[in-house]
Amino acid sequence: MRDFIIRRLVYAVPTLIGISIITFAIARLSPGDPIRLFTFGIKDFTQEDYLRLLHAYGLDKPMPLQYVDWVTNIFRGSFGESLIYHRDAFVMLMERLPNTLQLALVALLIQLIIGVPLGVLAALKRGSWVDGAIRIFGVAGHAVPAFWLGLILIILFAVNLRWLPSIGMLTVGHDQWDIADRIKHMILPAFVLALTGIANYSRILRTETLDVLAQDFVRTAHSKGLRERTVVYVHALRNALIPVVTALGGILAALVGGALVIEQVFSWPGVGQFTFQAAIAKDYPIVQAGVMFTSTLLVLSYLLRDLTYAIVDPRIKVG
Amino acid sequence: MATTTATVGVLAPPSLARPSRSLWSNAWWKLRRDKLTIGAFIILLILGALSLAAPLFSDYVFHYRFEQQDLLHTYEKPTFENPAYLLGSDEIGRSQVVRLLYGGRISLTVGFVAALVNLTVGVSLGLSAGYFRGPLDDAITWVITTLNGIPQLYLLLIIAALWQPGPLTLIVIIGLLNWTGISLFVRGQTFALREREFVTAARTIGAKDRRIMFRHILPNVLPLIFVLAAIDIGAIILLESALSFLGLGILPPTPTWGNLLTNAVSYFVRAWWLVVSPGVLIFLTVLCLYLIGDGLRDALDPRLKTH
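Sequence order for the protein chains is P and Z. Heads up, the first sequence is in our numbering, so the first residue is 587 and it goes up one at a time. Heads up, the second sequence is in our numbering, so the first residue is 3 and it goes up one at a time.
It should be emphasised that the hints constitute simulated quantities derived from the structure, not laboratory data. Computed from a prediction, not measured in an experiment: that's the story for all the values here. For every residue, glycine included, the Cβ atom is placed at its ideal position computed from N, Cα and C. It is possible that some hints are incorrect.
Chain P is faced by these chain Z residues, among others (derived, beta-carbon under 8 Å) [claimed, not checked]: (1) Phe-43; (2) Ile-45; (3) Thr-147; (4) Thr-148; (5) Gln-154; (6) Pro-167; (7) Gly-168; (8) Pro-169; (9) Leu-170; (10) Val-174; (11) Leu-240; (12) Leu-289; (13) Asp-296.
Just chain P, same shape as in the assembly:
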């Protein structure tokens, strides 16, 4: 097991190197000179000042050297200062992280709580209209543009019915520990973010449950005279749940990536929204920190998935 973990960690290194190259390149190759951009309009700004700034930021060195400098700094925990806020980019990003994690975790919970039972139900009622409805939902949930669903829900629940707030995490001026207020703000974005996952889990669980129910040990359990409920929930479901773990990597990816749009629609002050706003403002240090951080998170979650998969399913060869 230890070898397995170490090997997987080593495999992640070239991936992270590749990601860092892309992240670095995106900022450096994009049109527009950052120094010209942020000194624009300063009256007595001479060519000499320009060269001095270029040198100060190390932008006069050859690209590969700049890349090495950049990576070395990352290992020291620094992505540089935000060009707009003049604060450490990574620190600013980390201040937004809890908000994104909150949203993603609640969405993950919603996915499991709704998606898994839906899939099992569809499998148990195979061929009925319930099964048909859940299957169509399983496809439709992937096909809805999440940002649009968010807008429709805002129009419906926030503007017309006035049941829920439309944007942000808290009511401005409220006590920030008002849990009820937080939950109200959380409901719409978390549900929209969860939708794809609900659809995903319902599909996966349906096929898996059907697969497992057709296996010999289920027939054995039946023939032993066990109650239907015991067979389904104790014998079958435990095996059908294995792919819930395998799907986790992809679902985390969808949560992290999808959160960006949802955060933007609901003005949720998270990592995605922050990175996106920075990209529009061409605030490269924040963009780089955002991409590097979420990508690392993603690579780690793939790693975690493989690991848990090996633990949950002893049939997977470790080593």
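Could you slot chain Z onto chain P? The hints should help.
Same frame as chain P, but now just chain Z:
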């Protein structure tokens, strides 16, 4: 389907032609009974035809150009009285239905063309990686894991934010970023197929690598590539709409289903119908594509689980 089979049969020398007829005709037989897939296909064709004929509709049915404004008829509710306002009008009196038709052209074109780029890149890289293995495979796999390691939307949004693409660049960007899933699938299939007896047999009679790859391995992967293609087009249409919605895809005045929504958001309190219609069209199109993908998968490969 049947015509495709026929042409393949004609192209291959009779002595080496593989009896592919049974797979396709079997798939066709199953598909004909799959009402959901056929329905989805018909709806998609209608949507495509409507978008394609957008200029005809705007000239002869609605008598309203897509950029035409009418400040006396802003925020018209959907009505049957004036065909141009069938789905309402926006804040400067443009006809929503005409703009939706034109928007469909861009959204569908981006989806189909970018998917074609994805398929080309994904299939050729996947096939080479799986067939040649070794360092080439390592290199291609490295690129794939790297691209998969970055949340796709982050990458796309940031590239789009920094370069501000038009329809063509958007197709290129999505086309060059979204192929990893297809490639991984083709690679895996090729890995398994190249060990099979018919490949060894082809090699013993002196077939070159290229012939084995394109004549023996690719036809075996091809059926499921159609499934991936249908799903890929759907995913790209969703991506394009999200990008355009965030103001980073295709910019107005060229309408797309995504950027029609950006505009509608600013006025949704006064005109909610402007928000509903583009979203419904995106949803319907993508749903049809996904249903077609599912139906094709069931029809083409009975062994495959319907995940």
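Hints, one by one, checked against the model:
no.: 1; hint: Phe-43; in the structure: violated, 14 Å
no.: 2; hint: Ile-45; in the structure: violated, 12 Å
no.: 3; hint: Thr-147; in the structure: holds, 5 Å
no.: 4; hint: Thr-148; in the structure: holds, 3 Å
no.: 5; hint: Gln-154; in the structure: holds, 6 Å
no.: 6; hint: Pro-167; in the structure: violated, 12 Å
no.: 7; hint: Gly-168; in the structure: violated, 15 Å
no.: 8; hint: Pro-169; in the structure: violated, 19 Å
no.: 9; hint: Leu-170; in the structure: violated, 17 Å
no.: 10; hint: Val-174; in the structure: violated, 15 Å
no.: 11; hint: Leu-240; in the structure: holds, 6 Å
no.: 12; hint: Leu-289; in the structure: holds, 4 Å
no.: 13; hint: Asp-296; in the structure: holds, 6 Å
Of the numbered hints listed earlier, those contradicted by the structure are 1, 2, 6, 7, 8, 9 and 10.
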